[in-house]
Amino acid sequence: MADKTNEGRADRFPTPLQVFCSFERVEGVATLVNISYTGALLENTKMRPEVGTPIKLYVYLKPPRAFEAVAPSELFGVVARHGPSGFAVEFADSHDPELRQMVDDAAAIVAVSR
Numbered sequence: 024m025a026d027k028t029n030e031g032r033a034d035r036f037p038t039p040l041q042v043f044c045s046f047e048r049v050e051g052v053a054t055l056v057n058i059s060y061t062g063a064l065l066e067n068t069k070m071r072p073e074v075g076t077p078i079k080l081y082v083y084l085k086p087p088r089a090f091e092a093v094a095p096s097e098l099f100g101v102v103a104r105h106g107p108s109g110f111a112v113e114f115a116d117s118h119d120p121e122l123r124q125m126v127d128d129a130a131a132i133v134a135v136s137r
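The opening residue of the sequence shown carries number 24 in our numbering; numbering runs sequentially from there.
These aren't lab readings, by the way, just hints derived from the structure by calculation. Small disclaimer: the values here were computed from a predicted structure and weren't measured. Check each hint, because a few of them may be wrong.
What the hints assert, rightly or not - For lysine to aspartate or glutamate, the following EDC-like pairs were computed, each having C-alpha atoms within a straight-line distance of at most 20 angstroms: (1) K69 / D116; (2) K79 / E97; (3) K79 / D119; (4) K69 / E50; (5) K69 / E91; (6) K79 / E66; (7) K69 / E113; (8) K79 / E121; (9) K85 / E113; (10) K85 / E47; (11) K79 / D116; (12) K69 / D127; (13) K85 / E97; (14) K79 / E113; (15) K85 / D116; (16) K79 / D128.
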């Protein structure tokens with residue numbers, strides 16, 4: 024992971040990915056602006072879950088081709104803070120190997136597309 028956006032926070036890297044969000048029987052879409060092993064910033068959404076709300080994010084690292092099933096990565100966390108057009112999520116388990124692999128894979132995809 025390359026882009027350190029704020030001293031004192033985990034390394035974060037920018038992503039242009041759309042994610043699906045689910046909390047308290049509410050579902051919606053947001054843009055995953057950046058992500059790290061500890062959390063993510065979501066914008067371009069009208070959803071405003073309260074700080075502390077448990078949330079699940081579904082991230083598709085590659086779009087499905089015709090007739091191809093692609094399972095999303097499921098990320099679990101809580102809403103940590105609000106921003107002008109979205110919110111930040113702190114992941115429940117930053118040491119989860121599946122989370123870490125998904126973040127590394129997303130970083131590699133973003134690096135290749137630059």
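*K69 and E113: Cα distance at most 20 angstroms?*
Distance of about 19 angstroms is within 20 angstroms: holds.
_Hint check: K85 vs E97, CA-CA at most 20 angstroms. Holds or violated?_
14 angstroms, holds
*Taking only the CA atoms, is the gap from K79 to D119 under or equal to 20 angstroms?*
Judged against 20 angstroms, a Cα distance of about 15 angstroms means the pair holds.
*Are the Cα positions of K69 and D116 separated by 20 angstroms at most?*
26 angstroms, violated
*asked:* Against the 20 angstroms threshold, does the CA-CA distance of K69 and E50 hold or violate the hint?
replied: Measuring from Cα to Cα gives roughly 11 angstroms; hence the hint holds.
*Could you grab the alpha-carbon distance between K85 and D116 and see if it respects the 20 angstroms cut-off?*
24 angstroms, violated
*Within a Cα-Cα threshold of 20 angstroms, do K85 and E47 meet the stated pairing?*
Cα-Cα ~27 angstroms, so violated.
_Hint check: K69 vs D127, CA-CA at most 20 angstroms. Holds or violated?_
28 angstroms, violated
*K79 and E121: Cα distance at most 20 angstroms?*
14 angstroms, holds
*Distance restraint between K79 and E66, which requires alpha-carbon spacing of 20 angstroms or less*: With a Cα-Cα distance of about 15 angstroms, the restraint between K79 and E66 holds, given a limit of 20 angstroms.
_So if I understand the rule, the pair passes when the alpha-carbon distance is 20 angstroms or less; does K79 with D116 pass?_
13 angstroms, holds
*asked:* Hint check: K69 vs E91, CA-CA at most 20 angstroms. Holds or violated?
replied: Distance ~31 angstroms between K69 and E91 Cα, so the pair is violated.
Violation of the numbered hints given earlier is confined to hints 1, 5, 9, 10, 12 and 15; the remaining hints are satisfied by the structure.
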